[in-house]
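Asks: Protein chains in written order, with the numbering used here: chain A, 1 to 222; chain B, 1 to 222; chain C, 1 to 222; chain D, 1 to 222; chain E, 1 to 222; chain F, 1 to 222; chain G, 1 to 222; chain H, 1 to 222.
Worth double-checking, as some hints may not be accurate.
To be verified - Subject to a maximum C-alpha distance of 30 angstroms in a straight line, what follows is the list of computed DSBU-like cross-link-like pairs (lysine-lysine):
no.: 1; chain 1: D; residue 1: K114; chain 2: B; residue 2: K5
no.: 2; chain 1: G; residue 1: K5; chain 2: A; residue 2: K116
no.: 3; chain 1: E; residue 1: K5; chain 2: D; residue 2: K114
no.: 4; chain 1: D; residue 1: K218; chain 2: E; residue 2: K5
no.: 5; chain 1: D; residue 1: K116; chain 2: E; residue 2: K116
no.: 6; chain 1: F; residue 1: K218; chain 2: H; residue 2: K114
no.: 7; chain 1: H; residue 1: K5; chain 2: F; residue 2: K221
no.: 8; chain 1: C; residue 1: K40; chain 2: B; residue 2: K218
no.: 9; chain 1: G; residue 1: K116; chain 2: F; residue 2: K5
no.: 10; chain 1: E; residue 1: K5; chain 2: C; residue 2: K116
no.: 11; chain 1: F; residue 1: K218; chain 2: H; residue 2: K5
no.: 12; chain 1: H; residue 1: K116; chain 2: H; residue 2: K218
no.: 13; chain 1: F; residue 1: K218; chain 2: H; residue 2: K40
no.: 14; chain 1: E; residue 1: K5; chain 2: D; residue 2: K221
no.: 15; chain 1: A; residue 1: K221; chain 2: G; residue 2: K114
no.: 16; chain 1: E; residue 1: K221; chain 2: D; residue 2: K114
no.: 17; chain 1: H; residue 1: K114; chain 2: A; residue 2: K5
no.: 18; chain 1: C; residue 1: K221; chain 2: B; residue 2: K221
no.: 19; chain 1: E; residue 1: K116; chain 2: D; residue 2: K40
no.: 20; chain 1: H; residue 1: K221; chain 2: F; residue 2: K218
no.: 21; chain 1: G; residue 1: K116; chain 2: B; residue 2: K116
no.: 22; chain 1: C; residue 1: K114; chain 2: B; residue 2: K218
no.: 23; chain 1: E; residue 1: K5; chain 2: D; residue 2: K116
no.: 24; chain 1: E; residue 1: K116; chain 2: H; residue 2: K114
no.: 25; chain 1: B; residue 1: K114; chain 2: C; residue 2: K5
no.: 26; chain 1: F; residue 1: K221; chain 2: F; residue 2: K116
Keep in mind the hints are simulated off the structure, nothing from the lab. Please read all numbers here as calculations on a predicted model, not as lab measurements.
Protein chains: 8
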Amino acid sequence: GEFAKIDHHRQLRTGFPEVIWGSGKTTEQIAAIIQAMRQKASVVMATRIEQDVAEQLQAEIDGLVYYPLARICALSTSETIVTHPGIISILTAGTADLPVAEEAAITAQLCGFKVKRLWDIGVAGIHRLLSHRQVIYEANVLIVVAGMEGALPSVVAGMADCPVIGVPTSIGYGTSFGGVAPLLTMLNSCATGIGVVNIDNGFGAAMLAGQILRTASKLSKN
Amino acid sequence: GEFAKIDHHRQLRTGFPEVIWGSGKTTEQIAAIIQAMRQKASVVMATRIEQDVAEQLQAEIDGLVYYPLARICALSTSETIVTHPGIISILTAGTADLPVAEEAAITAQLCGFKVKRLWDIGVAGIHRLLSHRQVIYEANVLIVVAGMEGALPSVVAGMADCPVIGVPTSIGYGTSFGGVAPLLTMLNSCATGIGVVNIDNGFGAAMLAGQILRTASKLSKN
Amino acid sequence: GEFAKIDHHRQLRTGFPEVIWGSGKTTEQIAAIIQAMRQKASVVMATRIEQDVAEQLQAEIDGLVYYPLARICALSTSETIVTHPGIISILTAGTADLPVAEEAAITAQLCGFKVKRLWDIGVAGIHRLLSHRQVIYEANVLIVVAGMEGALPSVVAGMADCPVIGVPTSIGYGTSFGGVAPLLTMLNSCATGIGVVNIDNGFGAAMLAGQILRTASKLSKN
Amino acid sequence: GEFAKIDHHRQLRTGFPEVIWGSGKTTEQIAAIIQAMRQKASVVMATRIEQDVAEQLQAEIDGLVYYPLARICALSTSETIVTHPGIISILTAGTADLPVAEEAAITAQLCGFKVKRLWDIGVAGIHRLLSHRQVIYEANVLIVVAGMEGALPSVVAGMADCPVIGVPTSIGYGTSFGGVAPLLTMLNSCATGIGVVNIDNGFGAAMLAGQILRTASKLSKN
Amino acid sequence: GEFAKIDHHRQLRTGFPEVIWGSGKTTEQIAAIIQAMRQKASVVMATRIEQDVAEQLQAEIDGLVYYPLARICALSTSETIVTHPGIISILTAGTADLPVAEEAAITAQLCGFKVKRLWDIGVAGIHRLLSHRQVIYEANVLIVVAGMEGALPSVVAGMADCPVIGVPTSIGYGTSFGGVAPLLTMLNSCATGIGVVNIDNGFGAAMLAGQILRTASKLSKN
Amino acid sequence: GEFAKIDHHRQLRTGFPEVIWGSGKTTEQIAAIIQAMRQKASVVMATRIEQDVAEQLQAEIDGLVYYPLARICALSTSETIVTHPGIISILTAGTADLPVAEEAAITAQLCGFKVKRLWDIGVAGIHRLLSHRQVIYEANVLIVVAGMEGALPSVVAGMADCPVIGVPTSIGYGTSFGGVAPLLTMLNSCATGIGVVNIDNGFGAAMLAGQILRTASKLSKN
Amino acid sequence: GEFAKIDHHRQLRTGFPEVIWGSGKTTEQIAAIIQAMRQKASVVMATRIEQDVAEQLQAEIDGLVYYPLARICALSTSETIVTHPGIISILTAGTADLPVAEEAAITAQLCGFKVKRLWDIGVAGIHRLLSHRQVIYEANVLIVVAGMEGALPSVVAGMADCPVIGVPTSIGYGTSFGGVAPLLTMLNSCATGIGVVNIDNGFGAAMLAGQILRTASKLSKN
Amino acid sequence: GEFAKIDHHRQLRTGFPEVIWGSGKTTEQIAAIIQAMRQKASVVMATRIEQDVAEQLQAEIDGLVYYPLARICALSTSETIVTHPGIISILTAGTADLPVAEEAAITAQLCGFKVKRLWDIGVAGIHRLLSHRQVIYEANVLIVVAGMEGALPSVVAGMADCPVIGVPTSIGYGTSFGGVAPLLTMLNSCATGIGVVNIDNGFGAAMLAGQILRTASKLSKN
Ligand SMILES: Nc1ncnc2c1ncn2[C@@H]1O[C@H](COP(=O)(O)O)[C@@H](O)[C@H]1O
Ligand SMILES: Nc1ncnc2c1ncn2[C@@H]1O[C@H](COP(=O)(O)O)[C@@H](O)[C@H]1O
Ligand SMILES: Nc1ncnc2c1ncn2[C@@H]1O[C@H](COP(=O)(O)O)[C@@H](O)[C@H]1O
Ligand SMILES: Nc1ncnc2c1ncn2[C@@H]1O[C@H](COP(=O)(O)O)[C@@H](O)[C@H]1O
Ligand SMILES: [Mg+2]
Ligand SMILES: [Mg+2]
Ligand SMILES: [Mg+2]
Ligand SMILES: [Mg+2]
Ligand SMILES: [Mg+2]
Ligand SMILES: [Mg+2]
Ligand SMILES: [Mg+2]
Ligand SMILES: [Mg+2]
């Protein structure tokens, strides 16, 4: 019964290494997994790491970087080196959605993708979105992060000619039910071309965006 | 235990007479209530009346008009006579939302209000809405009817300078959960100035819109 | 990716400036947005501000007023200056609903509306409501705030001849499910003329009430 | 594995015989159980019997009476013979709640209790309730049947000095969720002295009311 | 807008005075309401009072008694004086249900009723219940308190010839969903004679039990 | 894209062949799968087959037997040949639970297990259960089928010294929510030794019971 | 108020024309929209068209093709002409998921994409999936359609190095809650690279897959 | 009203003694129950005991052992003494599921069963599971513990020829809804032979596994 079986083979199979999900693991477990993975993986990263856990990990592991807004720890400087073609543009409806959007942004950058950020352009002031439409037109994949009623992906997907990844957030209160309201909005969108991920799952959105760009690269090589 | 106690006094108290809700009543009960109300009320109407029930009622009650799309029966020609100032504009996101929107429109017209209709301008093609923005600017109250993700009221309320009444519809499937998805969207709207009514409740939306315009009239007389 | 795009244009479009929603924002973000808005808006306010955050904001921003019961920070003395005609009467079912009701009251006052308050007149002692019926008759808009079973708006709307805004609160336990019970009550009301807002959304209720009174002003000018 | 084990002993233990619940049983099973019970029980009754099933049962079983509104079949004329002291008053909020109320009324009468009926006095016209308050004062137990928002038991319990049994009905649409809305209303009532039964469970309400009056008889004999 | 309108008249109407619900009120508000009520009511009590709040209240209010397990504060020694005929027997399924059961027990005693207690006789060891069946037979009303699957009221109601009040508790985890599981169990009971109250609502159960015994007394006097 | 890939290998791996789930398949698809499987499997069976579909299948497939109460079609006479040691006893709470119980019984018999049936011994008359306790003591596995509040498995598991499989049924109405109420009851049982299967899943219960007896056989051979 | 505002511009903006959603529209409305669109769009198609509606439409509209399993009507022979590079592979867990999978397949083919189909390879017989792994390796986008527990996308995404689109279906019963169970499974997948669409939304999955392949084309042109 | 009625008789009836559920009990209550049970039971254990409570209990009770990961206190060294034939193999999908798995493992060991542990073999890397298939083949009962999407039991049950007990955990976020997602997955499994227990109920899984192995012993003695 050893506590973790690292999937070293995943990068070969899927193009991306396993990533450590910090929730529900002890600091010791996280540290041990990072040490074991650094032997084999091009990038080692852990999500959902709070500030105090990060500090304990950094004390123990050389070169570990912490991204506080994204709550990510990583052993990699690849963030600045773009190794895949294409642009992932990340949009948020509000300011409070930033942590989720940054989880997506840092994940994508650590995996070698180019990221553009556009925050706080929710549909209550539709001109904000329209005046930034260039960002939408230039993107190859769009990650749209929204809490409360989560209507932004619908409007964006109606304007974009690339895939849209909807990320509902738990930002809101009362009948937002911890992100269920924006989740349902995104799943029921009358616009097409939207794939939805779990509430607050910025990481998963980045992985899907990366997978889309990788498929594009491979196809273009044929 | 007589089966219905008509609230003849309601018009005096609230400005609007009681309206018969057709669901769950026998045709005989509906007919009897209409006959009893016609003595006293300026307009007598019943909602949620299916075609076959309407025909039975018409066979029995002189002058009863049926509006099939709205599923309303009424004893009144006041539909054409506008007796209150102000415009109620009714918008739908899709074509399938029409029955609910017509329930609102006919109710408002029967109660003496001026109604404008604008159908199928959902947010997946935001230019459709923008190119009809004049309808929004001219309205004194907006009733916005939407199923699926129900994002239209948010965008409209961000453009309008009058109250917006959101009516979620049961149009959709899967995770629309019979209208719960658009209901949550409307309740969580990050735009302000929206009041929400029950799923498919076109009637209630018209009543609230009417109450808003009546208050406006009264205030303007002071 | 700057963290906030203030919608300076909103007041022109909708009659009301953007209001800062304090939840999920850092104190630094809130302070920066307040400073940016004070240049342009007639009233600057932030809701959902806890006592300790308010104190930090006040240390940094001159003239910032804090309303602890309503949990609102504002840069404005307009509270005392009524600039719009009409009366918004705010009722609560119980004493524990006060914070939500005060959020509505302070918001409305800061936006220049006249407010009357009537607390703790829930339906379990219906005579309490009947003996204050004058408040209902004098109102131009009613905001009715209730938790637990949330039956007060139904009874009030059956007595009033003006629009009623129902605000469900999260006051209760067990099957109140954080305000779902009173929300459903208000949405299913057999009385007409009720628009419902999100659970605990005193702010949104005030905005809708304000929009209703502004429509009245505009109509009376035609 | 015989298909039914009749609880002939129940009347001795609890004061009331077993009652056949018609749903999910074949007509043959219902007929056989009625025949087996008629040997031993003072009153034999089956609930949830549709018209066509009733007719088949009547063709086979002598003296079987059918109450169509209540959807009850019974072998008993005790309906007219009151054998227990006290009055059970049954109220409904609307006309559409009658079938559930009649299930309660017929059950109670068949078990030998005196019943008063008062239909359609919902809270949207509170004067209807107030003008019939004598019915509330004279009752020893109140059964209050309501769909939609289900607020009637709260108001009644605030006026009555006897136990109130709340029966939510599935009458309504959209967010009534098949009776969940009035159920939650009744469970969260801020008035006291209310016991709630399952949605549409008129039968169970009558049984509880009967048990309450039997307790009264027993106490008075001590 | 004074913060509380005490319903001094309630005892006359319903037989029981208003009781203060401690949740969501400040200590100052609770203290002020207690002082105002002590002028007029025979018993003054507040529920849902935590230890530290109780101590502050006791420092300020002479003679205030605190029942820590029941979390009730009261101005009354009537607990020991039984003024109504009949026995309320209170049963729990497990040890962890005690706080809710004691809320019921102390409330009933403060209102002048005789209470018997029987703890931890859940259905997983049915012999425990059977060997205490005398408690069930002697009761005039039964309050049955159960969390987890909440099956105890069904079994008890099948043995008892008096009304049973089911009180679901939030004791449990996972799919108990904070008491929803036992609530549904009690509402769906195939045994009859059960009225259900809100999750953890020991107070409401006692009030209903009291109302039942009061009705019994009144009837027996006729 | 051939429409079905039969898992001929399953019997080798798990001890039981694949079984055809009739829902959502056309009659042609079911017939084709039966024909393909009869080449290789010891028993071929299909569940959830309505009467009319069964008749069409029988017209086409030689020797196909239909069990109407269980809604099962099978190619096998093994029902009468017991090939595994041990007894599976199947209990129901009510008469209306029979179809689910028979689905379990026929499945188990077709797979070569000995079955005992005991119907209609729900907890509202606990003596019915106690007087049949011998059935519980003789069983090696118990399948307990219950709708409404679903309390029977808890009581049975407290008496049995063998595994109990709880099968919630959709029998009930209102707050039974199509079987959710008994499902939650069984999952939250304070008795131990209960494994739960999907609502109305008599088939799955039989498979689990069979797997338990097969493991027992294998163990006893070591 | 004309009943539909066709978004003729959508193909220019998003690469795909508007598609008619057949639910909730009258046959006349659908026919009229098809006629209006055929002037301008390269492919005209309507989803959710039942057999009888299709026949009425075909009687009126020349050249209209109907795909009964997919429930799609279309004016186009482009199905056979592949105009975009890349392969969309569509997998189902079971046979009953075919209609949803075919909705995806026909939509993709009508829009000019190459489709591979692989039906009935659910996880209960994991060897079926493993023995077809070549299909997974050759795909550029995978659409994985599954009802019941919906685990297939998780396993597939762990093997694939391209994006996976998860489509939950309403196939199942009891706790599948009309597709909620597989939806949650897909949203919570511990495998990465999965985007989820609404329950039964084969159409939306095809649109997202198409958008992904179009992005690839565009990227390769840069 | 003594606070606990220990079911000393349970071991005789069911083969296993009562086990103390630590939640919702005071430390004094737990200590007293342990002392009372140690007189009579072969093993005394309490679950859901946090570190600090364990330390208080150990200070008071001689020989009490604490298993921190499993959160179990026990008076027994039987952990090392296997008294029943057969192997219970416990698998987890992830590292974060360990506490629940250990609750199962320690419970089973304390009751005299042989346990094998296999952690972190979730379906996103299916080869991990396949390369440990020997563990599955050697088991007599499998306990499969999984959070997030909870797909592991389906895949395992398709490979195993023994009963599988599915234990959903609350590990996950957003739409895992505290373990509801894996619970539904397990209940809807298209693999057979799975019995499900409550979310996080490692204890209950061990008890069911034990009951299965005991049945095997008994059968082999016949
Ligand atoms: N379509 C509708 N939706 C909601 N409420 C309605 C509708 N039509 C009528 N009503 C209201 O339902 C109430 C009548 O209920 P009843 O006494 O059952 O006829 C009246 O107060 C009406 O105002
Ligand atoms: N309408 C009803 N609603 C709820 N329970 C009922 C109803 N009618 C009869 N019952 C109860 O259902 C039980 C009969 O269940 P069964 O054995 O399935 O006939 C009896 O205990 C009755 O007391
Ligand atoms: N089966 C389907 N599921 C979801 N959306 C669809 C489906 N078929 C068409 N649509 C979309 O529904 C919208 C049409 O809505 P409407 O205006 O009501 O016809 C279009 O934007 C389509 O892209
Ligand atoms: N972790 C656990 N989860 C579920 N049930 C438990 C657990 N630990 C003990 N139990 C059961 O809970 C019951 C004890 O309940 P109580 O009387 O409240 O202590 C016993 O029947 C135990 O078998
Ligand atoms: Mg903003
Ligand atoms: Mg349209
Ligand atoms: Mg009060
Ligand atoms: Mg009425
Ligand atoms: Mg106990
Ligand atoms: Mg029965
Ligand atoms: Mg298959
Ligand atoms: Mg892992």
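Asks: Are the hints correct? Go through all of them and say.
Replies: Each hint tested on the structure:
no. : hint            : in the structure
1   : D:K114 / B:K5   : 23 angstroms, holds
2   : G:K5 / A:K116   : 34 angstroms, violated
3   : E:K5 / D:K114   : 38 angstroms, violated
4   : D:K218 / E:K5   : 40 angstroms, violated
5   : D:K116 / E:K116 : 35 angstroms, violated
6   : F:K218 / H:K114 : 17 angstroms, holds
7   : H:K5 / F:K221   : 41 angstroms, violated
8   : C:K40 / B:K218  : 34 angstroms, violated
9   : G:K116 / F:K5   : 16 angstroms, holds
10  : E:K5 / C:K116   : 16 angstroms, holds
11  : F:K218 / H:K5   : 39 angstroms, violated
12  : H:K116 / H:K218 : 23 angstroms, holds
13  : F:K218 / H:K40  : 34 angstroms, violated
14  : E:K5 / D:K221   : 42 angstroms, violated
15  : A:K221 / G:K114 : 18 angstroms, holds
16  : E:K221 / D:K114 : 18 angstroms, holds
17  : H:K114 / A:K5   : 23 angstroms, holds
18  : C:K221 / B:K221 : 11 angstroms, holds
19  : E:K116 / D:K40  : 35 angstroms, violated
20  : H:K221 / F:K218 : 13 angstroms, holds
21  : G:K116 / B:K116 : 49 angstroms, violated
22  : C:K114 / B:K218 : 17 angstroms, holds
23  : E:K5 / D:K116   : 34 angstroms, violated
24  : E:K116 / H:K114 : 46 angstroms, violated
25  : B:K114 / C:K5   : 38 angstroms, violated
26  : F:K221 / F:K116 : 25 angstroms, holds
Consistency note: the structure conflicts with the earlier hints numbered 2, 3, 4, 5, 7, 8, 11, 13, 14, 19, 21, 23, 24 and 25.
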